[in-house]
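K.L.:
Please dock the two separately framed chains into a single complex, following the hints provided.
The listed protein sequences derive, respectively, from chains X and A.
Following the numbering used here, the numbering of the first sequence begins with 335 at its first residue and continues without gaps.
Following the numbering used here, the numbering of the second sequence begins with 2 at its first residue and continues without gaps.
Among the hints, a few may not be true.
Claimed, not checked - Using C-beta positions, here's what the derived DEER-type ranges look like:
1. X:Lys638 / A:Arg13: 54 to 64 Å
2. A:Arg13 / X:Thr615: 47 to 57 Å
3. A:Pro51 / X:Glu414: 19 to 29 Å
4. X:Glu414 / A:Leu95: 46 to 56 Å
5. A:Gly21 / X:Ala537: 28 to 38 Å
6. A:Ala22 / X:Leu714: 44 to 54 Å
7. X:Leu671 / A:Gly21: 37 to 47 Å
8. X:Val543 / A:Ala22: 29 to 39 Å
9. X:Asn599 / A:Gln111: 55 to 65 Å
10. A:Met39 / X:Gln674: 50 to 60 Å
11. A:Pro73 / X:Glu414: 24 to 34 Å
12. A:Glu53 / X:Leu533: 46 to 56 Å
The hints are simulated quantities; they were obtained by calculation from the structure and are not laboratory data.
In this text the structure is predicted, and so the values were computed from the model without any measurement.
Glycine included, C-beta positions come from ideal geometry on N, C-alpha and C.
Chain residues, written in single-letter form:
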Amino acid sequence: MSGPSTYQPTNRALQWLEKRLPISGLIHSSFIAYPTPRNLNYWWTFGGILSMMLGIQIITGIVLAMHYTPHVDLAFKSVEIIMRDVNYGWLLRYLHANGAAMFFFAVYAHIFRGMYYGSYKEPREVLWILGVIIYLLMMATGFMGYVLVWGQMSFWAATVITNLFSAIPGIGDTIVTWLWGGYAVGNPTLNRFYSLHYLLPFAIAGVVVLHVWALHVAGQNNPAGVEPKSDKDTVPFTPYATIKDGFLMVCFCLVYAWFVFYIPNYLGHPDNYIPANPAVTPAEIVPEWYYLPFYAILRAIPNKLLGVIALFSSIGILAFLPWLDTSKVRSARYRPLYRQFFWLLIVACIGLGWLGSKPPEGIYVILARVFTFYYFAYFLIVLPLLGLFEKTKPLPNSISESVLQAKA
Amino acid sequence: MTTVSSADHTRRDFLYIATGAVGAVGTAAVLVPLISQMNPDASTIAAGAPVEIDLAPIAEGQIIKVFWRSKPIYIFHRTKKDIEEAQNVNVGSLPDPEPDSERVKPGHDQWLVLIGICTHLGCIPLAHQGDYDGWFCPCHGSQYDTAGRIRKGPAPKNLPLPPYAFVSDTKIKIG
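Just chain A, same shape as in the assembly (with noise of 0.2 Å):
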């Protein structure tokens, strides 16, 4: 407009950064509720605190299901014929190599718990199954053994180690 002063042009400049300034920051701040609301809630945290687990009633060679933060948790009271297989491997042949003595808490080698969810695409491996004694996934056939290492099949881990410790020695808490 041929009418506008320099004048009118300062105050529009203030406007704009003025303007864009504040627009900017609330805009920013705005997404961190609109982002941080889908992450779990307290309540589900709270949900996630430790849980205990008896051992005293899981005969030998059974295997039990828990959950601990909505993920199936293995409890396996294994055999001495288990533990053998489990030791006897040549380690260093496994897809993923790792001693049975890092699988289990020292003196408590019947004892093997593990998150039981598959390390390929997360369906839970049927207990007892497999060529091994330990696992078979039903969804694309990896398998487990006695430890719960893979050891045939398309998933690349063996089975996750929840965070655990003997409270005592028919006791484990979890997390």
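Only chain X is shown next, with the shape it has when bound in the complex (with noise of 0.2 Å):
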């Protein structure tokens, strides 16, 4: 971590590339003699979990692709051919679907463990911010790979998010015409997303790397929020996160493999068997669950342009969180307020997302609009007065002596 790798391999191979090329230096200071705190919990196993499902949905991918037909006439029939003829297609193609479920509900469990113990914090500001272009990126690359399918709820999918666009002022609609490469969403827009979806992963995966070495230059927080001050405080990568990490990650892939072999479809939508038409709307138009928050923003909110920008901010605003965090307490452990509006926070966002699949009248309307206006109040109002007023527990002097308090 501080000054290159003292690492000196033994076997006479590895000794000539270490002089050339110190890899196994890299590595050995990365992934096996990296100090952790001593004090992670389960939590922190999902940074490593996001990778290995990037690196599935990259593979998944790459193979599906040998196998799809980017053209209106034939994007459907290639992925009933995929499902029915392919070797092995149907397993593929449910990998893919549902890896990008898992993929989301991992970054939700990544962000929010980010949230709760301040990650975001001074000197890791830069970390969190290349964590929410991932998660952007990540959001277009869903959302293109989901519009591939050329069913129903892809075509229309397509045609309401690009239409965001057109809410902008004055160049709206030139915007979106540039988008669709056509006067509607057809097949140059497909053949676009096709290309887009399959580069986008890679430039994940080179932010990935760079949030890694960020990671790496600031080191881990913890559940004690305080840095580790001796040895004491940390344990070897291997065997103590690689073992916690390789744990949880193969719990993970048995809830994943539950999902593809035993309810593949539960997390779609059945209209997107139906091939897309331009001439007939789905009578009910809901986005993947994972995006269902942002879409009940959007509605929440009774003007177009505003609720797009209300969409767009619901995102960018995190990028600003280690600003609108004024307390210097990292851990919500020793922030018993903070820890209340957390809390609500989760509440408003699993709220919001159940309201995304509602219909958008009467009650549902209120309920969002409450929500929403907690979900920015909580970064804009709470967040920075809580800094201020909130009276925080003392902190531990370090991790071990909260380690060892706590078994005491």
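P.N.:
The structure is reproduced here in structure tokens:
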């Protein structure tokens, strides 16, 4: 972590390589000797799970691309050919489709862990912002992948999402036409979405490298939220973090496999098994579950432009979180008031997700407005003020002290 | 760590083995679909079913080309001269010795059916060309005779014969 690695391989071939390319030293210092706080809990394993999911999505995606045809007349059919004719095509497609859902589940666990334990605070602001960028890229990638199936939900998702940009005053329509490459969503749109859907995961992988780099500069945060001070506060990455990450990865894969093998279409919408029809919009349009909270925010605002602004702000605001939270105490363990507001935020986000799947009428609209208000108030009012007024609990002197106190 | 007791060791060992076993089995299992998906799919295999070819329209001396399993199949209606040429060869002197009788079906000497893919590197030889009235491969100059046997050039083997049978005197079924 500090200075060049002192690692010396014992194998002579590796010694030869190490002098010319110190890659085994890099791996050793990053994943073997790397000091991790000794009090990390299972919420810290989602970073590894997310890397695994990115890998799974890239591998299954490359395989699906071998069988998929990005053309309006053939796309839906080629997906059905994957499901029926290609050897294990059904498995690979279900792995990819449910993999996206598992990926988002893990990223939400990862984000909320960061928020609960204040992982975004100094000196980890850049690490956090890189994470927000990864999340944005994931949303764009997931959306475009959903369009490729070219079912009814795909087509109308593409129409609705691209039309968000039509809210921009003056140049909105020009931008939307440019996004489409035509007068409506059509073959050029499908082709460019396919190209970008293949490209963006590699862009994500690139930002992940920066994310991990930034992580290894600042070191990991931990449940106590105090920095490691001595060797007593840390344990080496291997075997402690390796086994912890590996164990939860395997458990995560078991849940993933349960979805893939037993309820592969549970999270999907049946209308997406109807080929895209530009002449008929389905009676009920809902995005995938992982976008529902944002969809609810969009519909909660009764003005087109303001709704779109609220939608994008709800994501963009995350990038400013390190400065909106004025408290110096990181972990919610020592912030009794913050903890309550945090769990209210979780309620609001899950509530918005539920409301996003409901028709925009009656009580649903009112609730969506309440939760939307709270979502923004959390970032813009609660966090800035809480840092000034909250009486926090005393912080432990060190990580080992907090661990030993808990044991006693 | 000094605080680690032997009980912790046992639990960690168990987790190591359990995690490793489930992870290894899962990873190995997932290799099957990842490899298998590149093999021909069900529609490709279905499209490779046998095809029937009517020989009646093929004039004496004519060579037609049909496709079976995406491979070009040459059907040669040989003249008496072609058959004699093919039969009057010292089989022992050929690079890939095979008598003409093994290249055709008994009683159907006039019909030569073969896969039109050069045994050198897979090009399609041109019919009615070369020094032996058979085929000439434009890629590297291999020459085949009127029984489709290699006579000259870099190809190591005779042109292969597809599986086929006579359904009637004027109809064959390839595959």
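K.L.:
So which of the earlier hints does this model not fit?
P.N.:
none
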